[in-house]
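All chains should be built: construct the whole structure from the sequences, respecting the hints.
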Amino acid sequence: MKKVKIVVIGNGMVGYKFCEKLMSKASADQFEVVVFGEEVRPAYDRVHLSEFFAGKTADDLSMAGVDWYLNQGIKLHLGDPVQQIDRSNKTIHSYKGITESYDYIVLATGSAAFVPAIPGVEKNGVFVYRTIEDLEMIRAYAPRAKKGAVIGGGLLGLEAAKAMLDLGITDTHVIEFAPRLMPRQIDEVGSKLLQGKLEALGLTILTNTNTLEIAGEEAITKMKFANDTSIDVDMLVISAGIKPRDEIAKLCGLEVGQRGGIQVNEQLETTDPFIFAIGECALYKGMIYGLIAPGYEMAEVVAANLCGGKKEFTGFDMSTKLKLIGIDVASFGDPFSPASEARVIVYEDTNKGIYKRVNISKDGKELLGGILIGDAEQYNMLLQTCKNKIVLAANPEDLILGSRGGESEGGAGVTGLPDDAMICSCESVSKGDICNAVIDGAETVDKIKSCTKAGTGCGGCVPMVKDLMVHTMKAQGKYVRNVVCEHFAYSRQEIYDLTKIDKLQTYNEVLNKHGKGDGCEICKPVVSSILASLWNGMILQKGNDVAQDSNDRFLANIQKGGTYSVVPRIPGGEITPDKLIVLGQVAKQYNLYTKITGGQRIDLFGAHVSDLPAIWKLLVDAGFETGQAYGKSLRTVKSCVGSTWCRFGLHDSVSFAIEIEERYRGLRSPHKLKSGVSGCIRECAEAQSKDFGIIATEKGWNLYVCGNGGSKPQHAHLIATDIDSATLIKYLDRFLVFYIKTADPLTRTATWLNKMEGGIEYLKNVVVNDSLGIAAELEKEMQALVDAYKCEWKEVVESPELQKRFNHFVNAPQENDPSIQFVEMRDQKKVADWK
Amino acid sequence: MSELKSTKVNWFYACETIDVPEDGGVCVKHGTDQIALFNFTRRGEWYATSNMCPHRQQMAISRGMIGSVEDEPKVACPFHKKTFSLKSGACLSGDDYQLKTYPVKIEDGKVYIDVK
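These protein sequence lines map, in sequence, to chains A and B.
If you read the first sequence in this note's numbering, its first letter stands for residue 7, the second for the next number, and so on.
If you read the second sequence in this note's numbering, its first letter stands for residue 295, the second for the next number, and so on.
Don't take every hint at face value.
Claimed, not checked - Ranges of calculated distance between the beta carbons of each label pair, as one might list FRET restraints: (1) B:K375 / A:A628: 28 to 38 angstroms; (2) A:N442 / B:G338: 36 to 46 angstroms; (3) A:G370 / B:D389: 51 to 61 angstroms; (4) B:N304 / A:Q90: 52 to 62 angstroms; (5) B:D389 / A:D750: 23 to 33 angstroms; (6) A:A495 / B:E316: 21 to 31 angstroms; (7) A:N488 / B:G338: 28 to 38 angstroms; (8) A:T603 / B:G338: 39 to 49 angstroms; (9) A:K548 / B:I400: 14 to 24 angstroms; (10) A:C457 / B:E316: 47 to 57 angstroms; (11) B:K375 / A:D503: 20 to 30 angstroms.
Hints were generated in silico from the structure; no laboratory data involved.
From the three backbone atoms N, C-alpha and C, an ideal C-beta is built for every residue, glycine too.
Take a look at the structure:
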């Protein structure tokens, strides 16, 4: 039988998805597929394009490598757009001169950025935001720019504004023609709240603003607006909407819409039944679907029908949820139902920046749509309740407020959804599909992802997938536990308790007694950390050395290139001139790069593994100790200047910080611990962003816990006020041991608290009011750890046996790794970049 | 003749067995090559692979933690925790990388690596 030949024009996300779906449905040798793409890269994830500036590479964003097409037998022409379709002879011609015949064409040409006809758009420094190449050009130009602007206050415009912030252009304007932001997705109150949040992040928002001219010589320097105002700008990104790529369709006489887009019917056929159009180039009933999920659905319809199925595209829900610059924004169903047609329930918290609106049918039975800003956790549930027309409970306000006592939840939760409820709309996976996969043995989210594809698109449904998994497993009578890995059927807390009861001392003892198999890189560091938290023994003892994470194994932080950094402890950030001189001498002798860290210490980078013991010998002799910068353990207790020198200081924050740091130094815990002590309410030590922070008051100290900086900053909570030093240390002992005993692996105190039932009130009760009656035990355990403290590096420096492990080559111990290369930068060395 | 050549082995003396930590690894210098050698005591097995992680070309595999997934022995690169089968060198973290592997033999407490 002759193969049916399909030419796919366009290799974006939808074009790729079509190929993937076709290949998975087709029998072998059913189709011959040829793909033409205009861009030089195979299809990549455009939805997450802005992550390119947050560190993702083009590779990370790729949907599938060139190998995939090869393995599927698909001929892929990149950098070669099709320029002509000859419908009478059923052939196409490409830019590079290739001619191919076809049985069917699938147009997946997508869209281009819409650029309004403003005088001056051709100037240097004006960009669009569409492809990786656009982003590379933006990135290359950004270092020259101080003042940025984005035209467009819709989804894409705000993404582009985030990219500007990521590139360090903190003075950025967002210019929107409409009276408010995101007018198509959210209502006026929501827009206003979103605008306030964006302004708090430093963006300047200009609404009702029409750009008349982009001024400047060669490059943009100014933008002039219709209201006679102007701003100075040296870089502009235009993100004012999309324009369907229908040129080639127009050229061969297919019908296109007045404002662009290739006309299609329910089968996605154009006016030529041998040519289909899918994705953002297709116009269905006067509508362009500019989201990924409907594009995938179109790909599904065409792929299924080509394989003999009977599917139709009949429009698609435009509900959407996204994170804009860290702010949740979601809209679903009909977000704007007027009060005349619906009961509208609104919850607004201007303090926390949360706005929620749900529109309920007049009879109170059905959810019509809504908007969530600032907190979109309920999005999936609400979307499903809306789509499946689930009958609402008596108090529909519980949908957005959560149940406030009483017997029933506002919605019935995942259990209330029918089996055909669509959980993952990107990949069209229903609740039934997911539950069946779980019943068939997919008992982790990763396994569900790989066998159903749910959660592999935008990822928004993953929390629901997890809920469904847990629920299905429970329904089957399975006990769902947060187990560490395949080698231990226990949670970290359970392993901690078992190890303690049995007084186990080595990784292998724990594995032999309570686990199976040979362990792995997940459970080894967890068990090693527990052993250190329990007994505080030398972590490099025989047997335990190889179970340490690599930084702990060499008592130093591995850096790019394979060298290590050395961080001696400088308690409270206080250091004598003599010790500073020693650090300088050591750095000079071993040619180390030096930098002051965020925790008021000095980091020496670029040490060869075999030099570490000698470097530490010099440091230990000069009175330094290890700083455990490599461990999941106490890092630093940062301090301000304090009352000894500062004219505002109430107490001596430096002395107290040193006391605290020396008490908890070397304390191994589920994740790193940072602390700070401020001598007055000016809070120069930033104690409220630490795992535990202390601030001086007129009468004593205030204690804050469970804050952190990092990728998701969270302020610490105040749990005790005006307490004396001894009480504070007692509370800290309890807090820290309670955390070490109960937290999951690699969970910072802030995350631990967020997951804790009862939250901060519960924790406060345990620590301050001893509600569990374990305070004395917790204090005793901490005292034992404090008493058992030894400097790990001092032990290595004194033990030739331990030093033997610090060589690069076992058979040439005196040689360093010759592959390590350094280059010079600002009079110091740095390692050569990743290859 | 060429067949003969390809099956020829070239045992290179690496070190004494006691030089390699139990359930751990070391790096062996062989000319300009670097070989990661593992003493998988729990399984009573020895493995050798290239010391260079194919992900970011870092010389660090010998410093990685070893373990198993199901029954497949594996090593995790310390840089980004990509894992590789110690038997086949295949990447087990879902990427398209391959780690070179070498046969190992133990005689009289001495470790030899086949570097043909």
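Falls inside 21 to 31 angstroms, the C-beta gap from A495 (chain A) to E316 (chain B)?
holds (25 angstroms)
Lying within 14 to 24 angstroms: is that true of the beta-carbon distance K548 (chain A) to I400 (chain B)?
holds (20 angstroms)
May I ask you to test the hint 23 to 33 angstroms on the CB atoms belonging to D389 (chain B) and D750 (chain A)?
holds (27 angstroms)
Range hint compliance [Cβ, N488 (chain A) to G338 (chain B), 28 to 38 angstroms]
holds (33 angstroms)
Lying within 52 to 62 angstroms: is that true of the beta-carbon distance N304 (chain B) to Q90 (chain A)?
Between N304 (chain B) and Q90 (chain A), where Cβ atoms are some 60 angstroms apart, the hint holds.
If I claimed the Cβ atoms of K375 (chain B) and D503 (chain A) lie 20 to 30 angstroms apart, would that claim hold in this structure?
Holds, at about 27 angstroms.
Holds or violated: the 47 to 57 angstroms window for the beta-carbon distance between C457 (chain A) and E316 (chain B)?
Roughly 38 angstroms apart at Cβ, these two residues miss the hinted range, so it is violated.
Between N442 (chain A) and G338 (chain B), is the Cβ distance one that fits in 36 to 46 angstroms?
Because 42 angstroms falls inside the window, the suggested range holds.
If you check the beta carbons of T603 (chain A) and G338 (chain B), does the distance land in 39 to 49 angstroms?
holds (44 angstroms)
Holds or violated: the 51 to 61 angstroms window for the beta-carbon distance between G370 (chain A) and D389 (chain B)?
holds (52 angstroms)
Return holds or violated for the Cβ distance of K375 (chain B) and A628 (chain A) against the range 28 to 38 angstroms.
Given range 28 to 38 angstroms: holds, Cβ gap about 35 angstroms.
Violated hint for the displayed structure: number 10, the only one.
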